[in-house]
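Chemist: The chain contents come next:
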Amino acid sequence: MTGSERPWLGARRIAIANLKGGVGKSTTAMMIADSLAMAHRARVLVVDVDPQGNASRMLLGWHGLQQAGRASHTLKDWVAAAAAGRATPLAPLIQSNVCSLTEVVNVRNAHKPKTHGDISVLAATPELRFAEIEFDHASYNASDKASARRRMEQLLSAELSGLRDTFELVLFDCPPGFSTLAQAAIACSDGVISPVLEEPLSVWSLQAFRDFGLKQTLNVWDPDRHRGLFTRVSQKGAVDERREVREAIQKLGVTMLPTTIKETAEAQRWVRRAAPNSHVPFNKKYGPVKKQVLELGDTVASFIAGLPPKT
Amino acid sequence: MSNEKPISPNAALRRFLDAVADEADMNSAFRNRLLLALGVPVIFEGQDDLASVHPVELVVRYDEHTFKRIYGQLKGPALKKILVDHKLASAAEAGAKGIKPPAQVELMWDRARLRAEEDGRL
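From first to last, the protein sequence lines are chains A and B. Just so we're aligned: 20 in this note's numbering is position 20 of the first sequence, and the numbers increase by one with no gaps anywhere. Position in the second sequence (from 1) plus 1000 gives the number in this note's numbering.
Don't take every hint at face value.
Unchecked claim - Below 25 Å or equal to it, Euclidean Cα-Cα: the simulated DSS-like pairs (lysine-lysine) are: (1) B:Lys1075 - A:Lys284; (2) B:Lys1068 - B:Lys1100; (3) A:Lys284 - B:Lys1087; (4) B:Lys1097 - B:Lys1068; (5) A:Lys284 - B:Lys1097; (6) A:Lys262 - B:Lys1087; (7) B:Lys1068 - A:Lys284; (8) A:Lys291 - A:Lys262; (9) A:Lys290 - B:Lys1087; (10) A:Lys310 - A:Lys215.
Keep in mind that the hints were calculated from the coordinates and are not lab data.
So here's chain A without its partners, still in its complex pose (with noise of 0.2 Å):
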C-alpha cells in the first residue's frame, strides 16, 4: 500500500468522547489504533486523556504504567508543568512502539521494509486529574469562562503540531463528562467519534453532548466531522426499542458509522496485557469480533479521508 493510496493520512487527531461513561470509548481507542495499526500502516499516537487510564494500561500493561508513572513519563507530568507555568514538550514523555499485536511488532520482520505502522502512547494516571484541577486554577479568569480550555487548546495544539512528521493519527482517549483536557482534544481535533450504547440513556446523553458540549461551549458541532459508533451490541431481544434508538440518534443528526462492535466476553479478553513484553496474533486478541475491528478501521480511515479541511 502507497502513501498515496492511504489519503487519510496526515497528521489528523481524532477524539473518541461521548459525556457517557461505559460506553467503551478506551477499548474503542485501542480498536482503531489497533486495525489502522495492523492494517493500514498507520503510526498511531494514542493520548490518554482520562484520568482513568484505561486505554494507556490496555496498551502498557499495569507494569508498563506502573513504570511510566515512576518515571514521571506521563500526561500528568505535563499538565503539572503547565499550571507551573513550565513550558515542556510532549515528546520525551510519549512511550513508543507499545503495540501489542505480534504482526505489529514482529522483530523477523525487521530487516525489510515497514509493512505495518506502530502505537505510541502519551499515557495517563489518576494523578492527572489532581494536575488539571491545578491547571484550572492557575488558568481561571472570572470574565472569561473559556480561559483554561483555550490555554491548554493553544498548548496542546503547538506540542502536537511539533510531531506531525513522527505521527500520522493522533487518537485522544476522553474520559466521561467534560473536563478541561477533554474540551481542548475535542476543539484541537479534526473529528469526534462518541461511541453509543443501544439504549435511551445513550441518546439523552448523545444529545447533551452535541447540544451542551459541541454546540454550545465548544462552538464545532459540525455533522461532517462527528461519527457515531454502536457499540457492545447484543444480538438478542429488545428488538424494537434497539430500533427506536438508532431512530432518536439519527433524528439527532448524528451519522453513525456502518460498523458495530458485538457484545462479548472473548472481545474482552486480552483487554488485560499479561505483561508490558507480551504480544498476541490479531485473530487471537479480538477472537469473534475481528472482522468488525479490521471493518471498524477501514470506516475510520474512510472517514478521516472525508473530513473537509478545518478552517
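Dock chain B against chain A, hints included.
Modeler: Chain B only, in chain A's frame:
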C-alpha cells in the same frame, strides 16, 4: 408437604457433606475451590489438580522453589495450556519453538507474580 421420612440433623448434615465430598472427588475444579477456600497451605499435585488452579493462587501462597516444584512435574503441553487458559501468555509465547518446560515454568512464575502484583495480592 414432603412424604419423605424426617431424619435427624446429624444425618442431614452427613448427607450434605457426603454430596460435597462426592462432587469434590469427581470434579477437580470444585475440589480446588474448596481447598483454596480453606486458606491453609495445600500442595497441589498432578495434572488434573493443577489445570484448574490459577497460578496466581499458588504464587501468593508459596515461595519460588515450591511453586516451581509443583509446576515442574508437568509436561510442556500441559504448562502451555495453563499459561494460555489463565491468560498469562499468548499461545505463541507459551509454546514457542524450542521452549522447554523449565522455561515455561519460569514464564509462569514471572507472569503470575506480575498478575498478583497488579491485583494487589503481593
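Chemist: Compare the distance between the alpha carbons of lysine 291 of chain A and lysine 262 of chain A with 25 Å, and conclude whether the hinted pair is satisfied.
Modeler: 11 Å, holds
Chemist: Next pair to validate is lysine 1097 of chain B with lysine 1068 of chain B; report whether the Cα-Cα distance is within 25 Å.
Modeler: Answer holds: lysine 1097 of chain B to lysine 1068 of chain B is near 21 Å, not above 25 Å.
Chemist: With the threshold set at 25 Å, check whether the alpha-carbon distance from lysine 1068 of chain B to lysine 284 of chain A stays at or below it.
Modeler: The given pair, whose Cα atoms are some 28 Å apart, is violated under the 25 Å limit.
Chemist: Assess, step by step, whether the Cα of lysine 1068 of chain B is no farther than 25 Å from the Cα of lysine 1100 of chain B, and give holds or violated.
Modeler: Given that 25 Å is the threshold and the Cα spacing comes to 14 Å, the pair holds.
Chemist: When you check the alpha-carbon spacing of lysine 1075 of chain B and lysine 284 of chain A, does it fall within 25 Å?
Modeler: Answer holds: lysine 1075 of chain B to lysine 284 of chain A is near 24 Å, not above 25 Å.
Chemist: Given the hinted pair lysine 284 of chain A and lysine 1097 of chain B, is their alpha-carbon gap at most 25 Å?
Modeler: Distance of about 18 Å is within 25 Å: holds.
Chemist: Given the proposed pairing of lysine 262 of chain A with lysine 1087 of chain B, does the C-alpha separation stay at or below 25 Å?
Modeler: This hinted pair holds, its Cα atoms lying about 22 Å apart.
Chemist: Would you check the hint for lysine 284 of chain A and lysine 1087 of chain B, treating anything up to 25 Å between C-alpha atoms as holding?
Modeler: Roughly 11 Å separates the two Cα atoms, so the pair holds.
Chemist: CA of lysine 310 of chain A to CA of lysine 215 of chain A, is that 25 Å or under?
Modeler: Measuring from Cα to Cα gives roughly 17 Å; hence the hint holds.
Chemist: Verify the proposed pairing of lysine 290 of chain A with lysine 1087 of chain B, using a straight-line Cα cut of 25 Å.
Modeler: 18 Å, holds
In terms of the numbered hints stated before, the structure departs from hint 7 and from no other.
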